[in-house]
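Student: The listed protein sequences correspond, in order, to chains H and P. Per the working numbering, the very first residue in the first sequence carries number 1; after that it's consecutive. Per the working numbering, the very first residue in the second sequence carries number 1001; after that it's consecutive.
These aren't lab readings, by the way, just hints derived from the structure by calculation. Only true hints are included.
Chain H residues, not near chain P, derived (Cβ > 10 Å throughout):
| hint | residue |
| --- | --- |
| 1 | E16 |
| 2 | Q52 |
| 3 | Y154 |
Computed, partial: chain P to chain H, Cβ under 10 Å:
| hint | residue |
| --- | --- |
| 4 | G1185 |
| 5 | V1241 |
| 6 | H1287 |
| 7 | I1298 |
| 8 | E1301 |
Quick look at which bits of chain H chain P covers, simulated, 3 or more residues with Cβ under 8 Å:
| hint | stretch |
| --- | --- |
| 9 | 162-168 |
| 10 | 183-192 |
Note that CB positions come from ideal geometry on N, CA and C, so glycine has one too.
So you can see what is in the structure, the chains are spelled out below.
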Amino acid sequence: MPPLPRQKSTRRKQIETMALYPLAWLEERSGLVGAVKYFLFRKVPRDVGWPQTLGSATLTAFLVQAVTGVILAMYYKPHPDTAYESIQKITNEVTLGWLVRGMHRWGASVMIILLFFHMARVFLYGAYKYPRELNWIVGVLLLALTLFEGLTGYLLPWDETGYWATVVAININGTAPILGPFIVNVLQGGAEIGEDTLSRFYSLHMLVAPGGIFALIGLHLYLVIRLGVSSPPWSDEAAGREREPEPPGSGRSGLTQPGPRGAAK
Amino acid sequence: MVEPDRTPHGSPPSLWPVGFALGIAVLLVGLIIQPFVVAPLGALLAIVFGLLWVRDVTREHRGPVSAEPVVAAPPPAPVPTTAEGFPRSKFLEAATLGLGGVIGGLVTVPAIGFMILPAFLDQEVDEVDVGALDDYAEGQWLITTFLLDPAEGEVTRRTAYIRSNGLIESQPSFTILSSRCVHLGCPVQANGLPDEKNAKTFKNKGGAEVRQIPVQPTGFGCPCHGGQYDNEGNRKAGPPVRALDRYEYAIRDSRLYLRKTYSVSWVKEEGAKARIKKYGAADPGQHVDGIEQILYPIQPEQITG
Chain H
1 MPPLPRQKST RRKQIETMAL YPLAWLEERS GLVGAVKYFL FRKVPRDVGW
51 PQTLGSATLT AFLVQAVTGV ILAMYYKPHP DTAYESIQKI TNEVTLGWLV
101 RGMHRWGASV MIILLFFHMA RVFLYGAYKY PRELNWIVGV LLLALTLFEG
151 LTGYLLPWDE TGYWATVVAI NINGTAPILG PFIVNVLQGG AEIGEDTLSR
201 FYSLHMLVAP GGIFALIGLH LYLVIRLGVS SPPWSDEAAG REREPEPPGS
251 GRSGLTQPGP RGAAK
Chain P
1001 MVEPDRTPHG SPPSLWPVGF ALGIAVLLVG LIIQPFVVAP LGALLAIVFG
1051 LLWVRDVTRE HRGPVSAEPV VAAPPPAPVP TTAEGFPRSK FLEAATLGLG
1101 GVIGGLVTVP AIGFMILPAF LDQEVDEVDV GALDDYAEGQ WLITTFLLDP
1151 AEGEVTRRTA YIRSNGLIES QPSFTILSSR CVHLGCPVQA NGLPDEKNAK
1201 TFKNKGGAEV RQIPVQPTGF GCPCHGGQYD NEGNRKAGPP VRALDRYEYA
1251 IRDSRLYLRK TYSVSWVKEE GAKARIKKYG AADPGQHVDG IEQILYPIQP
1301 EQITG
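Isolated chain H (complex conformation):
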């Protein structure tokens, strides 16, 4: 005989009400608790799996970049005479500086790699199709902004690699038809690369581009919540078929278990 559900004692109920009072207070006045629940506890197709987490992984990588970047900005000095030295100081002298700089430096590559994996997942699953085309477009803008972050961040250590890579990158932009020569001046902040180029890239890298990325991620997530997560292309459910009842007791035995694809055919 299964055990009866335990009746909560009056005392226990009182304690719970007291403990949850701050949340109830917040919810009554703002609706924020409900909003967060609505955001986090959405219905998703039964046969989603690890590939659908790549977007969240990219977001996490971006948040790591944002946090470590803010901290690095407290020690970094964007001037040609001081930039390289301040990076050396961050790496070698400031406590745990090597770790935070390493996280930011390698995290940049991680973010771009994850972003491309996420993009490949969406493409291969056909998740860019109606009605999600707009979210693909927003994603492409995010890709462009992220690559722009990579470009502007590469100059900031002010070492030989970063300097000459930026010279080449700026001049590649300069070969654009008609507007090219003007793009060069705007990027350099003048007719030649100089101190204004460094502070300009710093501003673009830590203010302009992240601001745009935050805004577009907001739009991206809004569209994900509004439109829902798409089923994989092999989904029997999405094809309008009934699913076989799962054998009793097996259930979904873990997040890594793919749905019973093909089983219902």
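Start from chain H and add chain P according to the hints.
Tutor: Just chain P, lined up with the frame of chain H:
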């Protein structure tokens, strides 16, 4: 339960886009191998298939072609005007949006201007003293590094390859190449061993450090993407799109002064006799001659002066 709409959202697959892509491919290949036969053929293919594609895509919107002219509908009856012709709420809405737009513009336009305009205005640099004429022996190349703008510091350090060509009609003549590769701006190196032992460092009239290293190069090469130039700066191999830029120069009180750079498409003959096809300064990677020059019709200098 509502049956989901199962009709496809797009038009059925069509071969026209494939033909269009093929036409473009033939056009591009034709531009390289045979501009007068293959390229027009590709263009023709692209246009024909492009038109067919457009016809297919827009069929739904155009509707069936009717033989009879459409009878014009009678003009709509005039809308009866209300007592309040322009409601107050509409006015307030328009006023709020309009004023908001004006305020936004007043803030944004100067800010954007502040971001962009200084990059174009006041870009002239003063001429730079690079030493006495006696330092430059005839026929001897000197790798000369100097500060373009001493106030801004080391970040403006530039390199020029300077060779004295002796006197021409009793006037001193110099070949002064910029070290900036005209492919994408990397620093071009002299193909030859710099004679570091005989290097010379001195302060110029502006108080900035100038360094001269003798070298006997057999041309110049770029480490980034392998561009090669001869001693007159003409492109010999690799991706550069023109000859090396040169510095304008002036001579005063027996001293050599470098001015701004100019771009060069080719140099014929050598040294003092060189005939140089000269253009205004262009950024690396930009063609100054040939058909590609139409890609860069205006340089910022021409507008801001």
